[in-house]
Amino acid sequence: MAEAARKGLSTLNTIKTIISELKKVDKTFTPASAQYKFLMEQSRADQVTTRRYSKAENESESVAKLYLAYVQGTRRLNELQEKYKGGEKTVEESARLVGLKLPERKY
Amino acid sequence: MSVKLGFFVRRFVSNQASALTKPGKFYKEVTVVNELDEETGNQTHKILLDNRILKTQGGKVLKLHSYPLALAIAQEWSSQSEYLQLGQMRLTGLAFTAQDNPLEQSVDTISQKVLDYVDGDTVLFFNTENSKLHRYQMENWAPLINNLNSDLGTRVRASENILDCDVANANDKEKIDRWIRQHNFPALVGLQYATESVKSFIIAYNAIRHHIDTEVAIDAATLEQRTQAETWGNVEWSHGLEREELMTRLSAACLFIYFNSNNFTSKRI
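Chains A and U supply the protein sequences, listed in that same order.
Here the numbering used here runs 36 ahead of the position in the first sequence, where the first position is 1.
Here the numbering used here runs 325 ahead of the position in the second sequence, where the first position is 1.
Under 8 Å between C-beta atoms, here's a sample of chain U residues computed to sit facing chain A:
| no. | residue |
| --- | --- |
| 1 | 357 |
| 2 | 393 |
| 3 | 397 |
| 4 | 413 |
| 5 | 562 |
| 6 | 565 |
| 7 | 566 |
| 8 | 572 |
| 9 | 573 |
| 10 | 576 |
| 11 | 577 |
| 12 | 580 |
| 13 | 583 |
The hints are simulated quantities; they were obtained by calculation from the structure and are not laboratory data.
The beta-carbon is built from N, C-alpha and C at its ideal position, and this holds for glycine as well.
Isolated chain A, as found in the complex (with noise of 0.2 Å):
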């Protein structure tokens, strides 16, 4: 029963992590979003319902850390990729790069 209890509360802390984390990509993410609804329908009912029906024990926390992990890996990989965005440098930049001046040009 303590064990069961413990599972209930980290499926509830998971999810409240998936909304903090949707707020952080989505501006338009509302307790009015349908998104919203469904998480905060899925943290009560899990209360009641998983541990008896689900097929593994762990299923409905499992499900809820994949969406975690989803989300989360999805704004880590943007945060990255604009982080580390190459883009070839200018033939001034890659110039000054190695302590040198091109000639100045008249246009």
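Assemble the complex: chain A is given as a structure, and chain U must be docked to it using the hints.
Only chain U this time, still in chain A's reference frame:
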């Protein structure tokens, strides 16, 4: 002046034609519409971008049978900022692929492709040359093989010789094939995607059956690389990027399989 103008024009034109330009976000609100299919009595769900219905690349209206999946796909679209990152919307991509089936795959071809992975599965080949790596492989990979064997009653074994070709015997493969074929077509698309992402059927299997979470699965899939990085250092722009990408691929595939295999909507009799 003319040089500058030429530069500007070239730049503008090349941007227009480039395959690298991303489409802008052309909608504000994303909603899920539920419809009752008169013939089967099942609910189908569609995605609305403002007032346009989301269509697949094949030009058909995207129809989903799982409400949570529809919500998650809608969330992908509403999480986009200025430009659409279509390549990162993996659930949308999987749903499109499952519906359009662009490679004209069948249950047979997909199960064969997935089954082929077992013969060369990442976690079945241990390296004896590096004692640290070998220890990690015993710790991280052996439990995954055990999970598979105890669930399906197979006797798949790890090998220390990469030329070994009987890590799974015919009987084991038949049992695994039977498990694979329990899935419906969309779930199979997800299973193939998961397997190919982590280059291992066994890791994908463990993640799908909720034995391990995504983090542990990716650790197992990149075990050798991480062991090397312990010695030589981690390069964020390469290793970090790859890790997050694998995380999103595997978790999206597992979710896709789960939602297509567990239908919560009640059927009308």
